Amino acid sequence: GENVEQHPSTLSVQEGDSAVIKCTYSDSASNYFPWYKQELGKGPQLIIDIRSNVGEKKDQRIAVTLNKTAKHFSLHITETQPEDSAVYFCAASSYGANSKLTFGKGITLSVRP
Amino acid sequence: ETGVTQTPRHLVMGMTNKKSLKCEQHLGHNAMYWYKQSAKKPLELMFVYNFKEQTENNSVPSRFSPECPNSSHLFLHLHTLQPEDSALYLCASSQERGRGTEAFFGQGTRLTVV
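Each protein sequence line maps, in turn, to chains A and B.
Under the working numbering, read the first sequence as residues 1 to 113, first letter to last.
Under the working numbering, read the second sequence as residues 1 to 114, first letter to last.
Only chain B is shown next, with the shape it has when bound in the complex (with noise of 0.2 Å):
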């Protein structure tokens, strides 16, 4: 347990369907990540809210929208993906941005788009 919890652990969804991860951390940090873990590939940072600003958006479509309403919680929307979109996505918080402080990862999100 490493104090970022995500839900749901697994999802199967269709590219009509529109549905959102959901990620909640209970250690007082104030950055929040959204990463992508493909296989074979290194994990590819998504987005980055620090003091629940958005800070990085690292060319993600616009199928993926995420919002972060306060400090501890953070969401993915997803709408039509794509079965290329199917990963891993894990969210991970630190103390702050850009202090190169330890980031705890949540257990992730299995995506299945078909």
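This is chain A alone, in the form it adopts within the complex (with noise of 0.2 Å):
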């Protein structure tokens, strides 16, 4: 089945500055990459995502770069803000009926102030 890993698992950036939070995945089938920001209290909710016919997507101040010849994608947060502060999670799948979303372990985004 896939697997996927995150790197790191904390990041700490001052405000401002840029983060960058990569994910690695296993199987080559995978061709859909969300990423999901996790606040305290809350539950995991989409920021970006993207699908294998593409290199790149942004949005904002996030962007998503896929690299499927190597099987890694990565989130990009330009001008980090306090509010950035979150889990961040990545997750990847296929297509067709047994498809289910597989996930990193998630990275503790910290924007010092």
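Keep in mind that the hints were calculated from the coordinates and are not lab data.
Please note that the accuracy of each hint is not assured.
[To be verified] With a straight-line Cα cutoff of 25 Å, these simulated BS3-like cross-link-like pairs (lysine-lysine) come out: (1) A:105 / B:40; (2) B:40 / A:37; (3) A:68 / A:58; (4) A:105 / B:36; (5) A:42 / B:41; (6) B:22 / A:71; (7) A:42 / B:19; (8) B:41 / A:71; (9) A:58 / A:37; (10) A:22 / B:41; (11) B:36 / A:42; (12) A:37 / B:36; (13) B:40 / A:42; (14) A:37 / B:22.
Treat the numbers as computed from the prediction; the structure is a model and nothing was measured.
Using the hints, put the two chains back together into the complex; each one sits in its own frame.
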């Protein structure tokens, strides 16, 4: 089955700096890669996703890149703000009746004011 | 507010109790999921229902029993739990399993087994 690894497990950045979170996956059949943000006391919320036919996607201060050959994808947050502090999860899945999202362990991002 | 509502938000139960978690979605989705979230571990998929049919039981102990009476409601019945079952239980929904579409999560039920 799919295995998703997420590195590092914690990340601390100064407000205004950029943050990069990296994930690797094992199943070459995976073709959908969402990123979730989980704030304290809340469920995970999708912030951006990418499909395998695209190499990069941007939405304001966040972007995701995908390298299918190397089987890794990354989340980039620019101009970080204290409200970006949360746990971020990457996930991967394929299409098909038996597909399921496989999540990484999550990374705790702290943005220092 | 994601459109997925879970109740209760917090639950403390003894090992001999029976309780149920409830999940409701108003998004018109056809797939619903139960996940277990424990500290320092990835989200663990427990059960999947697609068009009210259970399509996944990820080797979950029988003390957890899901029920999906319709596409909008999902229950997780709990019976004779163990302290290691203490975790955040998350419900999610998506348009349809296998379509690679966004999963929307509820806020979870924080379960403590004493």
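Against the structure, the hints come out as follows:
no., hint, in the structure
1, A:105 / B:40, "6 Å, holds"
2, B:40 / A:37, "15 Å, holds"
3, A:68 / A:58, "18 Å, holds"
4, A:105 / B:36, "13 Å, holds"
5, A:42 / B:41, "17 Å, holds"
6, B:22 / A:71, "37 Å, violated"
7, A:42 / B:19, "22 Å, holds"
8, B:41 / A:71, "21 Å, holds"
9, A:58 / A:37, "16 Å, holds"
10, A:22 / B:41, "17 Å, holds"
11, B:36 / A:42, "14 Å, holds"
12, A:37 / B:36, "17 Å, holds"
13, B:40 / A:42, "16 Å, holds"
14, A:37 / B:22, "23 Å, holds"
Hint 6 from the list above is the single one not met by this structure.
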